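Protein chains in written order, with this note's numbering: chain Z, 1 to 272; chain Y, 1 to 320.
Worth flagging that the hints you see were computed from the coordinates, not collected in a lab.
Every value quoted in this text rests on a predicted model; they were computed, and no experiment measured them.
Virtual Cβ for every residue (Gly too), placed ideally from N, Cα, C.
Keep in mind that the hints are not guaranteed to be accurate.
From the derived model, a few chain Z residues whose C-beta atoms are all more than 12 angstroms from chain Y [to be verified]:
id, residue
1, R114
2, G239
3, A257
With a straight-line cut-off of 25 angstroms between C-alpha atoms, the simulated SDA-like cross-links for lysine to any residue are [claimed, not checked]:
id, chain 1, residue 1, chain 2, residue 2
4, Z, K25, Z, L236
5, Z, K175, Y, V62
6, Z, K175, Z, H56
7, Y, K128, Y, V62
8, Y, K240, Z, S128
9, Y, K240, Z, T104
10, Y, K294, Y, A280
11, Z, K25, Z, T14
12, Z, K175, Y, T181
13, Z, K175, Y, K294
14, Y, K240, Z, T14
15, Y, K240, Z, K175
16, Y, K240, Z, D147
17, Y, K240, Z, R131
18, Y, K240, Z, K25
19, Y, K240, Z, A257
20, Z, K25, Z, A257
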Amino acid sequence: MGQQDAMLLMKNITKTFNPGTVNEKCALDNVSLTLKKGDFATIVGSNGAGKSTLFHAITGAFFVDRGLILLGGEDITYQREHVRSRVIGHLFQDPLRGTAPHMTIEENMTLAYRSAASKNACFGRIRSSDREMFREQLALLDMGLEDRMRQPVGLLSGGQRQALTLLMATMVTPKILLLDEHTAALDPATAEKVLSLTRQIVADRKITCLMVTHNMHQALTLGSRTLMMNGGRIVLDVGGEIREKMTVEDLLAQFAAKAGEELDNDRILLSK
Amino acid sequence: MGSIFTVSIVQNALELGLIYALVALALFISFRILNIADLSTDGCFTLGCAVCASLTIAGHPVLGLFASMAAGACSGFVTAFLQTRMGIQSILAGIIVNTGLYTVNIAVMGFASNMNLFGCDSVFTWAKDAIGGSAYKLVVVGAIVAAVGICVALFLNTRIGLSIRATGDNPDMVRASSINTAAMITVGLCVANALTGLSGGLLAQYQKSCDINLGTGMVTIALASLIIGETFLGRGGMPKRIFGVILGSCLYRFIVALALRMSVPAECLKLVSAMIVAAAIALPYLRSQAAFQKQKRAAKAENQIYIRSLAKDDGEGGEA
Chain Z
1 MGQQDAMLLM
11 KNITKTFNPG
21 TVNEKCALDN
31 VSLTLKKGDF
41 ATIVGSNGAG
51 KSTLFHAITG
61 AFFVDRGLIL
71 LGGEDITYQR
81 EHVRSRVIGH
91 LFQDPLRGTA
101 PHMTIEENMT
111 LAYRSAASKN
121 ACFGRIRSSD
131 REMFREQLAL
141 LDMGLEDRMR
151 QPVGLLSGGQ
161 RQALTLLMAT
171 MVTPKILLLD
181 EHTAALDPAT
191 AEKVLSLTRQ
201 IVADRKITCL
211 MVTHNMHQAL
221 TLGSRTLMMN
231 GGRIVLDVGG
241 EIREKMTVED
251 LLAQFAAKAG
261 EELDNDRILL
271 SK
Chain Y
1 MGSIFTVSIV
11 QNALELGLIY
21 ALVALALFIS
31 FRILNIADLS
41 TDGCFTLGCA
51 VCASLTIAGH
61 PVLGLFASMA
71 AGACSGFVTA
81 FLQTRMGIQS
91 ILAGIIVNTG
101 LYTVNIAVMG
111 FASNMNLFGC
121 DSVFTWAKDA
131 IGGSAYKLVV
141 VGAIVAAVGI
151 CVALFLNTRI
161 GLSIRATGDN
171 PDMVRASSIN
181 TAAMITVGLC
191 VANALTGLSG
201 GLLAQYQKSC
211 DINLGTGMVT
221 IALASLIIGE
231 TFLGRGGMPK
241 RIFGVILGSC
251 LYRFIVALAL
261 RMSVPAECLK
271 LVSAMIVAAA
281 IALPYLRSQA
291 AFQKQKRAAK
301 AENQIYIRSL
311 AKDDGEGGEA
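Please model the entire structure based on the sequences and the hints provided.
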């Protein structure tokens, strides 16, 4: 695979937390990963396997000990978090994390839009053209939010807030979208809604996307690749035909074989 | 009421209320919006006062007001620098700056503990010549506070203003949307302390003097004003909240005027404002505690009935 068409290239990424203490933990152990533009990969793994740490290495919540991270051909290994987050969309499990509760919907959207679009007019205010655009985008969610743009986000439900966060993260197409179990805290119906929105937005805009999930069925059916992590390493990386033929049982068996242990996670969903 | 409040007392309270409203606005930005308790406010207020007094004596009253803003902004920058770049907790950063400012303030005042501006030109003497009457002070102060209030309201709706608000509301989200939280805290504290400085500067020209202890307890007084305003107007849009802060400051001065009128010694006022602030901030917590106790009592009573019925059943069962 040429490096030219790689959207994300991680090479030999290592990160150890609390080195030299009893709490020393090698969270990422020589991880290498390449995502082509438009790739949509799901990640599964036990608790503490390094899934979220992998995301935080990409977003820059900490700097890695060793290794190289290229995003869209640009070296971001030591780029500060707020600089690189301009082109990274990141959704968390907690639906409250992505929006400011005491600010209105349109103010939240303005923040996300103006920052991502590198419109650096510090003293710029919300324009009516922006407002019109926000209204159109909100209408796509089909949650009636387009009529509540002047209301504080704190009044929305968790599902509505997560959908809004998704919209804010993708309003300006990010180079990569990181979804960290973003539907896990929602009730099943809302989760399904947010997931289908995600699928639609990612497909329409051909966004390069990484998604952590504990739902084995989702892991095999969403996107085009399935990654499995264990002990800070990527132990399985399947795509194409092999993945299409794979069942949830195969995936679990693969995990047992690669990791030398059962996939141990009380939150794992084995639904077909 | 008429006998308690004469026109001049009302006017006086209004003037002072408007001047101190600028500090309350500063606290509104730092405490309410950025969620930082900025304890450098006391020293910063005196700094603005001292800087403006020095320049007014030198014959530059307008420059003095702008300089007091600039001095306040510098002080805010140092506080922000200590907490964002030096890893010092925000409260401690404020206390450190406040302590250091004492020396700075004394130095600005030419190593004296007070300054006298009698006979100097000030914006108020100019206004007296231009407008005349007895309301000239109110006009000057009102115009300045109105202008500042409008500017703050406009500023908080700009991109940078929204970023500052989000920084206090949800730092996680702000980092994820490529905003530098350290920079936003710095800008926010600079703006807030510039207002504190301006307030001090205005007061110097208003009361024609400056004293090293002028700022003592200013944080508490400003917080009291802020809370009084919020109690009266509640939360709402930015313009409403800002108006509430200004209103709160005026109301606080009316309370003070009333207390003085009823011969409460002036020395007691700080204790009164301390109690207002403590009570107002504790109120939501106390309310939730009271609700819980009530619930607990109700549940306990219900459980007692159930436990008693169990014992009764048991007793009957044992006999049979």
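For each hint, the structure was consulted:
no.: 1; hint: R114; in the structure: 5 angstroms, violated
no.: 2; hint: G239; in the structure: 28 angstroms, holds
no.: 3; hint: A257; in the structure: 37 angstroms, holds
no.: 4; hint: Z:K25 x Z:L236; in the structure: 21 angstroms, holds
no.: 5; hint: Z:K175 x Y:V62; in the structure: 51 angstroms, violated
no.: 6; hint: Z:K175 x Z:H56; in the structure: 16 angstroms, holds
no.: 7; hint: Y:K128 x Y:V62; in the structure: 15 angstroms, holds
no.: 8; hint: Y:K240 x Z:S128; in the structure: 22 angstroms, holds
no.: 9; hint: Y:K240 x Z:T104; in the structure: 15 angstroms, holds
no.: 10; hint: Y:K294 x Y:A280; in the structure: 21 angstroms, holds
no.: 11; hint: Z:K25 x Z:T14; in the structure: 11 angstroms, holds
no.: 12; hint: Z:K175 x Y:T181; in the structure: 22 angstroms, holds
no.: 13; hint: Z:K175 x Y:K294; in the structure: 54 angstroms, violated
no.: 14; hint: Y:K240 x Z:T14; in the structure: 51 angstroms, violated
no.: 15; hint: Y:K240 x Z:K175; in the structure: 40 angstroms, violated
no.: 16; hint: Y:K240 x Z:D147; in the structure: 22 angstroms, holds
no.: 17; hint: Y:K240 x Z:R131; in the structure: 22 angstroms, holds
no.: 18; hint: Y:K240 x Z:K25; in the structure: 51 angstroms, violated
no.: 19; hint: Y:K240 x Z:A257; in the structure: 64 angstroms, violated
no.: 20; hint: Z:K25 x Z:A257; in the structure: 23 angstroms, holds
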